[in-house]
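Listed in order, the protein sequences are those of chains A and B. Taking the numbering used here, the leading residue of the first sequence gets 1, the next gets one more, and so forth. Taking the numbering used here, the leading residue of the second sequence gets 1001, the next gets one more, and so forth.
Since the hints were derived computationally from the structure, they do not count as laboratory data. For every residue, glycine included, the Cβ atom is placed at its ideal position computed from N, Cα and C. Be aware that one or more of the hints could be misleading.
Sample of chain B residues lacking proximity to chain A, with all beta carbon distances greater than 10 Å (derived) [to be verified]:
id : residue
1  : THR1020
2  : ALA1027
3  : SER1032
4  : TYR1036
5  : GLY1043
6  : THR1051
7  : GLY1061
Example chain B residues on the side facing chain A (calculated, C-beta under 10 Å, incomplete) [said to hold, decoys possible]:
id : residue
8  : LEU1013
9  : PHE1034
10 : GLN1038
11 : LYS1049
12 : PHE1089
Mimicking EDC-like on lysine to aspartate or glutamate, the simulated pairs with C-alpha atoms at most 20 Å apart in a straight line are [said to hold, decoys possible]:
id : chain 1 : residue 1 : chain 2 : residue 2
13 : B       : LYS1068   : B       : ASP1084
14 : B       : LYS1056   : A       : ASP53
15 : B       : LYS1098   : A       : ASP53
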Amino acid sequence: DAGITQSPRYKITETGRQVTLMCHQTWSHSYMFWYRQDLGHGLRLIYYSAAADITDKGEVPDGYVVSRSKTENFPLTLESATRSQTSVYFCASVASSTDTQYFGPGTRLTVL
Amino acid sequence: GNSVTQMEGPVTLSEEAFLTINCTYTATGYPSLFWYVQYPGEGLQLLLKATKADDKGSNKGFEATYRKETTSFHLEKGSVQVSDSAVYFCALSTYDYKLSFGAGTTVTVRA
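In isolation and in its complexed conformation, chain A is listed as follows:
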């Protein structure tokens, strides 16, 4: 199916564990983004990527690592999860011709 998908949709982990959230898009969009959504903050940008092998920090990058070896995939890794990283994580890609971001369904992460 065309679109943008995220996995897992729900994840519970413990403090100190490594967690990887997956994001896959089928449009071959160049730009991809990771946001976290927290009450009272809206969405905040964690990392973004302009193309394969090109990534850059957003507003709240601490504690996160990204990679992008293929255009269609943009995984987000929490190297040592903390309770403050409990959040809903959204991946997005942008169609540069229309300046429109398309969002995945989100991953709800709980860190105990």
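Chain A is fixed; fit chain B onto it per the hints.
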């Protein structure tokens, strides 16, 4: 830096009522402005956008006008329905398509 301020919710309305959600912004350069909507349990969807001053974005009965002089992009709908119940986010982008979001406004429409 860039920032977006939108009216706090929650907002509760009756069907067919008029809805307005205020949004103001601070940005360097000339931002594009957006309204995104999030229905329960889903990701965000673009509702409408405007890319330059005095542009009006519209979709599904919603409208917003890019006002450079007041740095505002208020969302309006003349007659809301129960199906409009959602969280609405105002956002802007200046370069590299990065979005800066407001905190979101939860709207509940009662039948």
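Against the structure, the hints:
1. THR1020: 19 Å, holds
2. ALA1027: The claim stands: B:ALA1027 keeps its Cβ more than 10 Å from every Cβ of chain A (closest is about 14 Å).
3. SER1032: Answer for B:SER1032: violated, closest chain A Cβ roughly 6 Å.
4. TYR1036: With a cut-off of 10 Å, B:TYR1036 comes too close to chain A, as the shortest Cβ separation is near 8 Å.
5. GLY1043: 4 Å, violated
6. THR1051: 7 Å, violated
7. GLY1061: 20 Å, holds
8. LEU1013: Status violated, d = 21 Å.
9. PHE1034: 8 Å, holds
10. GLN1038: Holds - the Cβ of B:GLN1038 comes within 10 Å of chain A, reaching about 9 Å at its closest.
11. LYS1049: 7 Å, holds
12. PHE1089: 6 Å, holds
13. B:LYS1068 <-> B:ASP1084: 28 Å, violated
14. B:LYS1056 <-> A:ASP53: 37 Å, violated
15. B:LYS1098 <-> A:ASP53: With a Cα-Cα distance of about 18 Å, the restraint between B:LYS1098 and A:ASP53 holds, given a limit of 20 Å.
This entry does not satisfy hints 3, 4, 5, 6, 8, 13 and 14, going by the numbered hints stated previously.
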